[in-house]
Each structure stands twice: as structure tokens, then as C-alpha cells.
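Q: What follows is each chain in one-letter form.
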Amino acid sequence: MKLLLLATLNGVTLAALYFIVASGFTIIFGMMRVVNMAHGSLYLLGAYLGYDVASLSGNWFLALLGGAAGAAVTGGLMHRLFLDRYQGQDLRQALVTIGLSIIGADLLLARYGGLSYQFEVPPFLYGSIPLPIVGGYPSFRLALICFAVVVYVMLWLLVQRTRFGIMIRAGVDDRIMLGALGVNVPLVSTLVFALGSCLVGLAGVIGASALSIAPGEDARYLLSSLVVVIVGGMGSLPGAVIGALLIGLAEQIGLAYFPTYSIMVSFMIMVIVLAVRPYGLLGRPA
Amino acid sequence: MKILGLKCKFLGVAAASLLALPAVAQNTVRIGGLATLDGPFVVLGQEAFRGMELAFEEANYTAGGKKLEWIKESSDGKPDVALAKARKLIGQDKVDILIGPMSGGEGLAIKEYAKSVPGKTFVNGFSAAQEATLVAPSPNFFRFSADGAQWQAGLGNYVYDTKGYRKVAVVSGDYSFGYTQVLGFMTEFCAKGGKVPEKIWVPNGTKDFSSAIARIPDKIDAVYVMLGGADAVNFLTQYDQSGSKAPLIAGSNLVDQTVLSSKGPFRNRLVGIPSAHMVADGIADPKYQAFIAKYKKRFPDGLTAPSAPFYAYYIATQAVIEALNKVNGDLSDDGAKFRAALAKVKLDTAAGTVSLDENRQAVANIYVTEVAQRADGALYNKVVKVVPAVNQTLGQPRDAFVARGVPSRDNPSCP
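In order, the protein sequence lines correspond to chains A and B. Positions 1 to 286 (my numbering) are the ones given, in order, by the first sequence. Positions 1 to 415 (my numbering) are the ones given, in order, by the second sequence.
A few of these clues could be false.
[As the list claims (entries may be wrong)] Here are the simulated lysine-lysine pairs, DSS-like style, with alpha carbons at most 30 Å apart: (1) Lys-296(B) to Lys-67(B); (2) Lys-294(B) to Lys-245(B); (3) Lys-192(B) to Lys-385(B); (4) Lys-294(B) to Lys-344(B); (5) Lys-346(B) to Lys-263(B); (6) Lys-2(A) to Lys-296(B); (7) Lys-2(A) to Lys-219(B); (8) Lys-245(B) to Lys-287(B); (9) Lys-115(B) to Lys-346(B); (10) Lys-2(A) to Lys-245(B); (11) Lys-2(A) to Lys-67(B); (12) Lys-297(B) to Lys-245(B); (13) Lys-167(B) to Lys-2(A); (14) Lys-199(B) to Lys-219(B); (15) Lys-66(B) to Lys-78(B).
None of these hints come from the bench; they were simulated from the model.
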């Protein structure tokens with residue numbers, strides 16, 4: 001009972017982290033149909049920049065801001081300089097982002113080395129909180145759920161309740177028409193790309209505080225984001241929530257009860273979902 | 001005509017270079033280095049090449065009157081990649097001697113490959129899989145560093161006798177190196193009468209260990225943990241945050257310099273953790289301290305102290321150079337004389353004497369350590385016990401040791 005409860009809690013908290021990482025990915029895809037294979041590199045970049053800010057200022061919240069801002073600027077530039085010119089050419093854009101991710105990973109390795117980094121989180125987030133049945137549970141992991149909820153609500157408000165959100169939604173449906181109405185579509189695209197990158201930069205700092213950051217994490221989070229959004233449905237925010245929950249729970253319950261096969265479980269879920277609903281649980285054809 | 005002339009010229013150059021190749025080969029010995037500059041063992045790979053570089057520099061890139069040419073290749077820790085790179089080094093770069101690879105699974109792949117090219121010499125880098133030399137060894141595969149089970153010699157006795165632990169749970173990576181280290185620890189611990197009621201094998205690639213930690217039973221004296229690099233950092237943090245109280249015992253990688261030098265609040269949990277390894281930065285012998293000083297002077301951007309892979313590749317390269325000196329760089333008989341000399345090499349290293357057994361596997365000192373903090377805040381492994389001349393069968397008769405089978409999830413077992 002205790003093990004099941006702990007594994008479930010672990011799954012939900014891991015899902016929260018996966019959601020924050022994947023939300024940026026799914027937003028970018030939803031608006032621009034760009035599969036951003038450099039998403040993991042932006043995660044790594046956000047975490048490292050956040051670490052620099054944290055070691056300079058000693059403030060974890062500034063690190064969050066720094067990581068998010070750094071990744072947002074980089075993502076925006078990436079879109080402006082490399083991706084915008086290939087508008088509508090999915091394969092080229094995906095290849096360009098793969099190239100950028102390889103270059104980015106090596107540059108970060110050169111700058112930060114291969115050691116693991118970890119954040120000093122504020123004292124009230126470190127340690128454990130007493131909970132019934134399971135005893136103590138790490139506070140930071142519970143905080144992950146709060147972060148995910150905040151990110152979800154903010155994104156929902158942005159997309160549903162603001163003028164910018166209306167442009168994004170209109171862009172998803174008909175890009176050419178949106179341009180004809182006098183909206184600066186390339187600028188909106190760049191902003192969306194920066195927003196998605198900002199989210200993943202934020203996720204980098206949060207993830208590096210919950211776990212740690214080291215070379216190789218980029219590929220891992222890119223993979224988890226891909227699985228999450230493929231299961232949930234590319235471009236759908238509620239889909240990303242469901243996908244993240246499914247994958248997070250599968251990983252942690254698998255690790256608790258049948259560790260040898262736990263890695264297989266998440267991919268089994270992906271295979272089954274793709275067989276039954278090729279566009280993901282909440283996805284729709286492009 | 002002009003076109004014809006160009007063509008002739010080109011052919012001439014090609015012919016000349018073909019002719020030149022053997023002439024060059026006679027005056028140089030080509031040595032391949034294989035380590036991991038990609039994948040999860042990047043830091044270890046950098047250390048490995050630093051080790052080779054230092055050994056070559058000390059010999060002035062010459063041995064037995066020949067120039068040494070060093071060709072580097074990088075793997076990512078996966079056996080198939082290591083094998084492809086080894087084939088490239090042997091087949092395309094025509095190296096005579098290959099030093100490497102880094103990880104356990106890679107070592108097993110290279111050992112099998114070595115059997116198919118008997119005219120080349122393979123000197124293991126840092127790969128510590130027991131089977132590489134214990135079972136069906138290849139006559140041209142040498143290992144001058146101890147294997148993963150040897151690394152844990154003395155640790156089981158130490159925690160049973162000195163720490164008084166009787167019941168220990170095991171958390172380890174689910175791969176051959178993990179099995180090997182756990183076997184090394186449990187061989188002694190179980191022989192003493194200690195019990196290991198639960199072994200938790202964590203699949204490779206796991207970064208979130210919280211559910212593995214949840215499975216650790218309540219009524220135990222300590223937890224033996226065999227994880228390395230970023231995994232070790234993640235585990236230590238989560239173990240600390242979970243509020244678990246049981247003290248830790250460390251496999252060799254949990255407390256190596258890549259973890260001790262990493263930054264983060266998990267460091268508080270490290271002090272006092274016992275472990276064992278073939279080297280330790282706390283070895284008080286002035287020779288070892290001089291070795292550390294040499295490392296720091298040559299590699300100011302390196303780690304705070306030389307790591308085990310640095311040492312392993314360094315002494316492997318030294319052994320090759322020494323054997324080349326003995327045979328005056330003569331590899332004309334497909335290296336047979338060279339290998340005979342290599343098998344007899346006795347290295348007087350900074351961490352003690354290293355010699356080879358009949359399977360060309362190192363017999364070496366092992367250091368039981370505890371993590372301690374220096375005045376400047378840096379963490380290091382303080383030596384609490386030296387186990388001299390540990391052999392591959394951990395002091396047991398070879399036949400009985402081999403008969404118990406290769407390390408696996410269920411071997412050994414003492415619940």
C-alpha cells in the first residue's frame with residue numbers, strides 16, 4: 001500500500017516535470033508544425049544559464065528567470081535566423097533543429113564540462129513534508145505539481161483570453177488568412193517559438209533542481225517530450241497533461257514493481273495509442 | 001596531353017605514398033586509444049585520454065627506439081560503437097596496439113574481437129567486467145587494472161567488522177558492471193555472515209530513483225549503492241530528500257571524483273560513506289601525493305585529483321611503453337615477442353605494485369576508503385585500510401570461484 005502510494009506520488013510529480021518540459025514543445029508544434037529537435041538543448045541551456053545566475057546571485061528564483069529568459073532569447077533567435085526561411089518545409093526545419101542540437105550540445109560540453117550540476121533550492125523547498133501513510137515526502141517534488149499547475153493555467157489564460165492567444169489559435173487554423181488580416185505572422189511565430197523555449201528553459205532549472213543536469217539530459221528530455229506529446233496528441237495542451245501523467249505513472253510504477261521492464265512500458269503505451277488513435281489521444285489531423 | 005600528364009603525376013604520387021607507407025611503419029609504432037568522449041561517460045573519457053597523454057609525454061613519444069604515434073577514437077559507452085571504433089583503428093588506421101575501452105560491456109566486446117585479430121595487442125583501458133579475463137580469455141588481451149569485483153575487496157569485511165552492519169539492501173545499476181561490483185562486495189560480506197535481503201536493480205537510463213528508494217526495506221542497517229556520475233548525484237539527492245536514515249555504503253563510482261567534484265546540496269550526504277577502489281586520492285604515500293601534484297600541474301583544468309580511469313589508462317600506456325622498450329620496439333613477428341614481454345611487466349605504480357596473473361589480469365592493491373572533507377571544503381576519499389595484492393578470485397581458489405558462475409542479478413545471493 002505504502003509502496004503503491006509512493007510510486008503513484010512519484011509518478012504524478014515526475015509527470016508534472018514532463019508536462020512543463022513538453023508544454024513548450026507542443027505549443028511550438030501546434031502553432032508552427034515545427035518539430036523542434038533542439039528542444040532538449042534549450043532545456044540544457046536554460047538549466048546551465050540558470051546555474052550561472054544562481055551562483056552569481058545566490059537566488060533560486062532569479063535563476064528560474066535567467067534560465068527562462070536565456071532560453072527564450074536563444075529560441076527566438078534560432079527561429080529568426082534558421083527556421084523562418086524554411087516556413088512550411090517540415091523536414092528541413094526538423095533537420096536544421098537536429099543540427100543545432102548537436103552543435104549546441106558540444107558547445108555546452110565545452111563550456112560547462114561533463115560534470116553534474118545541481119541547484120541549491122530555497123530551504124523551504126528542500127527536505128521532506130510529513131504525509132499520512134507514506135511518512136515523509138520530498139517537498140520539492142510536491143512543488144513540481146504546483147509549478148505544473150501554474151504553467152498550465154497561465155498558458156490556458158494566454159491562449160484563451162488574450163489577443164495574442166487569439167492570433168496563435170488563428171495561426172493554427174489558417175496561417176495565410178491570418179496574414180491577410182494584417183497580422184505580422186512571422187513575428188507571432190517568433191514570439192511563439194520564444195515562448196515555447198522560455199517554458200523549456202524554466203523546466204531546465206526546475207528539472208535540474210529536482211534531479212540534476214549533465215550532458216545527455218538534452219536527448220533524454222527530448223525523447224520524453226516526444227513520447228508525451230505523441231501519446232497526448234501533438235499541439236494539444238490537455239493532451240500533454242494526459243500524456244505526461246500516463247508516461248510518468250508508467251515509469252514510476254514500473255520501476256517500483258517490475259524494474260526490468262519499466263522502460264518498455266512507456267513505449268508500449270505509445271505503440272498502443274498510435275495503433276488506436278494515430279494522432280494521439282487528444283490530437284487531430286494537421 | 002596535359003590531362004594525361006596530370007594523371008601520370010597523380011599515379012606517381014599514389015605509388016610513392018604506397019611505397020612510403022611500410023617505410024614509415026618501421027620507424028613508428030601506432031597506438032590506438034579508445035575512450036568515451038560521447039555519451040554518459042564524457043568526463044571519464046577526458047580523464048582516460050589525459051592519462052595516456054601524460055604517459056606518452058613522459059616517454060617523449062618514443063619507446064624502444066621508435067616513435068609512438070597516438071590515434072584517438074571515441075565511443076559512447078555502447079559495446080557496438082566501441083567494436084566499430086576498434087575495427088576502424090585496427091583496419092583503417094593500422095594500429096599495432098589498442099589501449100581501451102572504457103566500460104564493462106565494451107570490454108567484453110573488445111575481448112571477443114581481439115580473438116579474431118591475434119596479431120594485434122589489446123590492453124584494456126578502464127573496462128572492469130570480470131568475464132573479460134576470468135572466463136575464456138583472449139591471449140592478446142591484457143588488463144593492468146583490477147576488475148570491478150576486485151575493486152570492492154576489503155569493503156564487505158570493513159563494514160561488517162568496523163561499522164557493525166549485518167543486514168544491507170543493495171541498489172545498483174542493472175548491467176554487468178553493477179553485478180560485478182555487487183559480487184565483489186557480497187563475496188566478503190556474506191562469507192562473514194552478513195545478509196542481503198533485497199537487491200534493487202535499476203534499469204540503465206533511469207534518472208528518477210524515487211520509486212527505487214521507496215522499495216528499500218525499513219529494517220536494514222545500511223544501503224549499498226552502485227551508481228555513477230549524474231545517476232549517483234540524482235540518487236543521493238533523492239535519498240536525502242526522502243528522509244531515509246539508513247547509512248550508505250558506496251560502490252566505487254558513487255564516490256569517485258566525478259561525483260565528489262560535482263556541485264550541489266547532495267554533497268552533505270557524502271561525508272563518511274565507506275567504499276573501496278583501486279586508487280584513492282587520500283593515499284598518504286608520498287609517491288601517490290606526488291602523482292596527484294603531477295596531474296594537477298599538467299592538467300590545471302582537470303578534476304581536483306586524478307580519477308581511476310586516468311590512473312588505469314596511464315598505467316596501461318606505461319606498461320605498453322615498458323614492454324616496447326624491452327623488445328626494442330620490435331613488432332615484426334606480429335608482436336609475439338612484445339606480448340611475451342608485456343605479460344611479464346611488473347609496474348611500480350603510485351598506488352602500489354601491479355603484476356599480471358596467468359590470464360593477463362592485474363593483481364593489485366585495493367584501498368578501502370571513507371569520504372572526508374578537506375579544510376578547503378573539497379571532498380576526498382580517506383584511506384582506512386589497504387588490501388595488498390588482491391587477485392581476481394579475491395583470494396579464493398580459482399576453480400571454486402569460477403564454478404560459482406559469472407556475476408548476475410541472482411549470483412551471489414544471501415537473503
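Q: Each hint: holds or not?
A: Now for the hints, and whether the structure bears them out:
1. Our distance criterion of 30 Å between C-alpha atoms is met by Lys-296(B) and Lys-67(B), whose separation comes to about 27 Å.
2. At most 30 Å may separate the alpha-carbon atoms for a hinted pair to count; Lys-294(B) and Lys-245(B) exceed this at roughly 40 Å.
3. With a C-alpha separation of about 18 Å, the suggested pair Lys-192(B) and Lys-385(B) falls inside the 30 Å cut-off, and the hint holds.
4. Straight-line distance between C-alpha atoms of Lys-294(B) and Lys-344(B) comes to about 27 Å, which keeps the hinted pair within the 30 Å bound.
5. Straight-line distance between C-alpha atoms of Lys-346(B) and Lys-263(B) comes to about 39 Å, which puts the hinted pair past the 30 Å bound.
6. Proximity of Lys-2(A) to Lys-296(B) is assessed by CA-CA distance (about 49 Å); at most 30 Å being required, the pair is judged violated.
7. Taken as a hint, the Lys-2(A) and Lys-219(B) pair is honoured in the structure, with Cα atoms around 15 Å apart against an allowance of 30 Å.
8. Of the pairs offered as hints, the one joining Lys-245(B) and Lys-287(B) is violated, with about 38 Å between alpha carbons and a cut-off of 30 Å exceeded.
9. At most 30 Å may separate the alpha-carbon atoms for a hinted pair to count; Lys-115(B) and Lys-346(B) meet this at roughly 24 Å.
10. At roughly 17 Å between alpha-carbon atoms, Lys-2(A) and Lys-245(B) fall within 30 Å of each other, so this suggested pair holds.
11. Under the criterion of a C-alpha separation no larger than 30 Å, the hint pairing Lys-2(A) with Lys-67(B) is inconsistent with the structure, at around 65 Å.
12. Proposed proximity of Lys-297(B) and Lys-245(B) is contradicted: the alpha carbons are some 40 Å apart, above 30 Å.
13. Between Lys-167(B) and Lys-2(A) the CA atoms are separated by roughly 22 Å; this keeps the pair inside 30 Å, and the hint holds.
14. Restraint check for Lys-199(B) and Lys-219(B): satisfied, since their Cα atoms lie roughly 14 Å apart, inside the 30 Å limit.
15. With a CA separation close to 33 Å, the supplied pair Lys-66(B) and Lys-78(B) exceeds the 30 Å bound.
Of the hints listed earlier, those the structure fails to meet are numbers 2, 5, 6, 8, 11, 12, 15, in rising order.
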